[in-house]
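Model the full structure from these sequences, guided by the hints.
Protein chains: 2
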Amino acid sequence: MRIKAEPLTAAAFAPFGDVLDASGQPDRFINEGRCGRYHDRAHLDFGPGGRAGISIFRSEPRPLPHVLELVERHPDGSQAFLPLDRYGFLVTVARDENGRPGGPLAFVTAPGQGVNFHRGTWHGVLAPLRGNGLFAVVDRIGDTRNLEEFRLERTLTVY
Amino acid sequence: MRIKAEPLTAAAFAPFGDVLDASGQPDRFINEGRCGRYHDRAHLDFGPGGRAGISIFRSEPRPLPHVLELVERHPDGSQAFLPLDRYGFLVTVARDENGRPGGPLAFVTAPGQGVNFHRGTWHGVLAPLRGNGLFAVVDRIGDTRNLEEFRLERTLTVY
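Protein sequences, first through last, are from chains A and B. Using the working numbering, the letters of the first sequence map in sequence onto residues 1 to 159. Using the working numbering, the letters of the second sequence map in sequence onto residues 1001 to 1159.
Since the hints were made in silico from the structure, they are not lab data. Since we're looking at a predicted model, the values are computed, not measured. Note that CB positions come from ideal geometry on N, CA and C, so glycine has one too. Worth double-checking, as some hints may not be accurate.
[Stated by the list, open to error] With beta-carbon atoms standing in for the labels, derived distance ranges: (1) GLU69/A <-> ILE1003/B: 50 to 60 angstroms; (2) THR144/A <-> THR1009/B: 27 to 37 angstroms; (3) ARG145/A <-> PRO1048/B: 22 to 32 angstroms; (4) ARG1154/B <-> GLY49/A: 23 to 33 angstroms; (5) ARG1002/B <-> PRO15/A: 52 to 62 angstroms.
[As the list claims (entries may be wrong)] Here's a subset of chain B near chain A, in silico, CB distances under 10 angstroms, partners left out: (6) ASP1021; (7) ASN1031; (8) ILE1054; (9) GLY1131; (10) LEU1134; (11) PHE1135.
[Stated by the list, open to error] Partial pick of chain B residues on the chain A-facing surface, computed with a CB cut under 8 angstroms: (12) LEU1020; (13) CYS1035; (14) LEU1044; (15) PRO1048; (16) SER1055; (17) LEU1126; (18) VAL1138.
The structure is reproduced here in structure tokens:
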């Protein structure tokens, strides 16, 4: 199966998570008007027994076409990816259909955009298209495994 | 008063907060070995009645020399700055001396580094040296004002 990656929009991504960027007007200005604050843009959910943590991920670049053989989800918490670089990355997601990933969608972020996957959202691995591959990740710190993987019946190619 | 900004190191910054970067070995590898996870690197503290949130800040560039007339602190929570760009930024901090900021220090981050100010750390305003001025900020969402400002008796110039 082959799908085309589309530019990321908040509307298209809404069933899966939040787009974290500086679109629209800031909620308020700080620092004598020299800095805009786009306030509290992620639906963070770390469930019972979890707390927020910040980790750093460093991934190899994964240029297109990107071939997926499995997707994963985190049943116990949301997970936000914030690129510490100027380049976009690939985001592949799928709706849940009775515990299995349904029809996948793929998006490419714009520079300066992050995403927050809502708790339990099926997604592909972190896929920087180019650049240093560094991300800050805000996700659940806790004692559970918090990982489900699903091996796809048919390989998915994102182009 | 004039001080020189030095390259940021975890040791020098330890009294004030955490350096968030991919230095050293990852705590573990994920994605079939293609991505390193530097796990849970920030001491997050949102106090009673607070929760974690992710906001986006967009600041004007503030090239050196940088002139500070005030510093601020957030008594109710930690605050992390994660640059959504490839450039370093200026971090000015001061120790607390009986409720007032003491001798200040200034640091310049490397590309791909963020910082987390510990709860109550005196610091200057967000100061990207160049680039898009975009940051993801992980700080306390809550009902308190969570802001103290201190106007410096003598202007501080960081060069």
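Check: Taking each numbered hint in turn, which are not upheld by the structure, reported in ascending numerical order?
Finding: Of the numbered hints given earlier, those the structure breaks are 4, 15, listed in rising order.
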